[in-house]
Amino acid sequence: MSDTRLYLVQIAGHVSAETINASSPIKMVVTPKDGTTQCIVRTDQSGLIGLLRYLHTRNLVFLSISSNLEQSGESHVP
Amino acid sequence: MDALLATKLHQPASLTKSVKRSQLLQRLNAGLESGYQIFLVSAPAGFGKTTCVSEWVNTLKKFPVTWLSLDPADDDPGRFFAYLLAALQKLDEHIGQEIAGTLRAGQLPPAEVISITLINDMLKFDREFFLVLDDFHVIQEVFILEFFENLLANFPPRFRLILITREDPSLPLAQLRANNRLTEIRVLDLRFKKEDIERFLREVMGVSISPSDIGVLEDKTEGWIAGLQLAGLSIRDQDNPSDFIANLSGSHRHILAYLTEQVLDRQPEDIRAFLLQTSILDKLTADLCNAVTGRVDSRAVLERLFHANLFLVPLDYEGEWYRYHHLFADLLRSLQKSHQAEKTTELHRRAGHWFAESDMATDAIQHALDAEDYPFAVDLLEGYALDMVMQGYAKTVNDWVKALPADWCSQSPRSNLALAWAHLLRGTYVQASPYLERLESFFSGSQEEEAERQSLKTEWLVMQSLLLNRQGKTQESLAMAEEALKLVPSDDDRVRSLTQFCLATLYQATGKNERAIDAFQSALQASRVAGNTIVEMLSTCGLAQMAFEHGQLHQAYETASPVSAQIEKSSSLPPISTVIFGILGEICYQWHQLERARHFYERALQLSILGGYNSGIIGCHTFFARLFLLEGDPDAAAQEIQKSSELLQVDTPDYVRQETLAYQTRVDLARNRPAAAERALQSEGFSFGDQFCYPDLPPAPNLSYSLGLLYNSSLCFLLDKAQDGRNLAGPKNGLELADQLLDMALVNGLISLALETLLLRAQMHTVQGDHGASQADYRKALELAEPEGFIAVFIEHGQPAAEALMEMVKRKQLEEVHLDYVKRILAALSEVRRPLRERPAPVSSARTRSAALIEPLTGRELDVLRAMSEGLKYKEIGEKLFISQNTVRYHVKSIYGKLNVSNKTQAIKKARGLQLL
Amino acid sequence: MQESFTYHIKLQDAVDEEAFNASSPLSVKVAQTDAETTTFIVHTDQSGLVGLIRHIHHQGFVLLSLLRK
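Chains as they are written, first to last, in my numbering: chain A, 1 to 78; chain B, 1 to 917; chain C, 1 to 69.
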């Protein structure tokens, strides 16, 4: 759990990078995709949890979270 | 400081045997030397975060450091800020004193006010100082996080904040990283490398294993220190450590569970039992452990566990209080629960009783709830809930009530009562209803003693009465309060004082003045017997307010003055403080002691802001508007009344709204903006077409001071029109209103209001050429005003009043007895810089002149500029305007840019040239 | 945000359902497990989900993925 990973967090609807990164605990790469917003961030699990709390308190809805260590072939990354 | 608070403020001692983390200390020091202000140590449990920071701050000998260990119960703003201030006050007892006083009165200032006040206090430090917040992940409350967001945005230059957390806080850390203000230590930094593991096992745990085993251990534990410590404890007695290490597998959780059981198995039976039984405790002391386990030697056991490295963390320097490492405690608890669930309940019960006997209510109630011993929990809540709510711990009490099964909730009427009070006092009336309904159901099936039941029912009726009054149902409210008075048990002075106070305010609102005074006095007497200082202050304040409204300025001053002294001496600042200072300010204003008036209102404003008391803030700005009008500065008055208007909300009480509107109208007239004044009055039902029409006056007893002011403002508007020659019929129509208003004000004893109406009527008579009637009104006003020394009301009416009085003096039309008094009024009138009717047209206001710049100055920048021109320093400007020194600097920079100057002298010179000052 | 959904949460490692539920803020159901990973199913709103993820983290488990169905 100590590794730094690349996480992809998918959020419902379109949200701009400025809005998301305005007071975020970690800066994310934000891109819109098919009516959702994809946020990519490199961090450890402590950073990810803080980020999820931040998104949640701003009423953003998570659709999926996946990490780059997902090797099973059934990755949730769209 | 109580023993448990001391444990929260205790910096964990560095272990005598530990592996020095030189690289981590170097990184932290490098951050410090680079001027980084925030240090984030973020990693899961068991990676040695606290040890690392404790070791570091021990090296910072030349800097003051304060430490606060948080636990889940601290995620309650009232509690969190009380502890935070206690931690900061270890550095300087003056930090946050005002906030602490407000918290002690059960009030929670807005997050922004807390941050601004603390930032201002922290600016006084002349060297770096450190605050460590351990286990910051327990903080989830948006209110507390907002405070930190404000703090980060205006960070005091010498402040260093260290956050130790298992997850990144929901704060704008990305910006801090980008701005090079954040030093981070994360899990990858904290994990032990091979050489650390070797040293740790050898030096700390006394275990020596092969380098290859160390490599395997590193892989299996990922350098996780808690796992290594448990592994070390297990390996000590292993014949074949290599096999043992090779068999470790799975996640940290698995390894922890496995190793914990291994460690426990190696303990003697009685120690194993002790560890499991005491795992239910968040903090341990020998006496408590004896009570929970039934042993008598817990002190020796605790010392033995500590020296055996069994995850016991000391919480003080005296060796009295300890806690288990969180991870270890978690595991022990789940083992205890899975092996001996039924006994766990009994352990919690014993702990609850020990804490109750030690008067530590919070822990006692929590253990009672954990024991599911609801009768005991309810019993404790009945005893403590009201006091805790009054101290501002409403969220904590609410969480406890929520944790009770539904059937038991109604069994704790005092908790429901306390929570209903919490909402009533905070003005969230709707949210009080469920608790009041639960209380009502309690009365129907109550088995309580008669006196107890009566006492509760009385208090419930008082709260219902307050709610009805809030809904505008004054008569129903009054009937309910009168019913409550009949029920008050003879020996319950606390409830009697509440009931009498409630009645007094209702009598006051319905114009039953004598009854109101009697009720306030009864409330005062009962509150003193009961030791209820809040009701004592409220009642004194009510008496002072009534005396003031009835023109008894000296009596009002004598009543309010000792209370203000008492407030300043006490460590508690209840919201009523603002009203006391407001009354004193108003009296000084009427006596034309303007600097004293300003001083009292500045204090009232400060306390209103601290208490988040919106009506108080509005009232203070409205007062400053009046003060500026009196001093002949209508533009400054406009800025103040604008602040009041912006703060008006849907639920702002009528009297506040009426008063604001009344003075908004006068400010508009003073600025030669009659159309704006007319629109404001039209919105209240006045019309000024061919004929002056006004809303029906209420029955005489219902005429309040604020409503009277609004009617008087309509008369001001009529006079303004007439004096501009726009409508000479105005005063004639207005006279009818003035006559009625005057009669009603005199009947109700509203002397301040009657005085103003008389002076307005006198001017109307003058406009109509009836000088005899005018002089009669002036004479009557003087007779009414002289005994209590009213002066300002004459100044407010400026030139017309001055001319009339001078004329009457010249013609010797005033009795000798009035002459000195009249001379004082005339002297005060001559001090006014510019008579109201002779002010320059508003186009030349500072704000409008500012628009002549390429980029005009904002209202706030003008405030700062004025303060600079008065010779105030940044710190003083910040204090005056309730902004941080950094914000002042920001405004100053902007002012220089807009004025195209580079220093203060140039700025003031240029501003004067542009007539901005 | 207030609505409940079914979430699939994949953790690293084999996790025992009963042991996990003993201290979890939400009761989860194991949908699939092997030596390397475990997938939970939980039906909750987003607040419940955030609480559960924090719990997973504090318990020392590694979150691999999450999917709202």
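There could be a bad hint or two in this list.
As a list, the in silico EDC-like pairs of lysine to aspartate or glutamate whose alpha-carbon atoms are at most 16 Å apart [claimed, not checked]:
{"#": "1", "chain 1": "B", "residue 1": "Lys220", "chain 2": "C", "residue 2": "Glu36"}
{"#": "2", "chain 1": "B", "residue 1": "Lys873", "chain 2": "B", "residue 2": "Asp863"}
{"#": "3", "chain 1": "B", "residue 1": "Lys8", "chain 2": "B", "residue 2": "Glu482"}
{"#": "4", "chain 1": "A", "residue 1": "Lys27", "chain 2": "B", "residue 2": "Glu184"}
{"#": "5", "chain 1": "B", "residue 1": "Lys193", "chain 2": "A", "residue 2": "Asp3"}
{"#": "6", "chain 1": "B", "residue 1": "Lys337", "chain 2": "C", "residue 2": "Glu18"}
{"#": "7", "chain 1": "B", "residue 1": "Lys643", "chain 2": "B", "residue 2": "Glu318"}
No wet-lab data here; the hints were simulated from the structure.
We went through each hint and held it up to the structure:
1. A distance of roughly 14 Å separates the Cα atoms of B/Lys220 and C/Glu36; the hinted pair therefore holds under the 16 Å criterion.
2. With a C-alpha separation of about 13 Å, the suggested pair B/Lys873 and B/Asp863 falls inside the 16 Å cut-off, and the hint holds.
3. Using a Cα cut-off of 16 Å, the hinted pair B/Lys8 and B/Glu482 is violated, with the two alpha carbons roughly 48 Å apart.
4. Distance hint between A/Lys27 and B/Glu184 is fulfilled; the C-alpha atoms sit about 15 Å from each other, no more than 16 Å.
5. Taking the CA atoms of B/Lys193 and A/Asp3, the gap is near 14 Å; set against the 16 Å cutoff, the hint holds.
6. A C-alpha spacing of about 13 Å is found between B/Lys337 and C/Glu18, which places the hinted pair at or below 16 Å, so the restraint holds.
7. Straight-line distance between C-alpha atoms of B/Lys643 and B/Glu318 comes to about 54 Å, which puts the hinted pair past the 16 Å bound.
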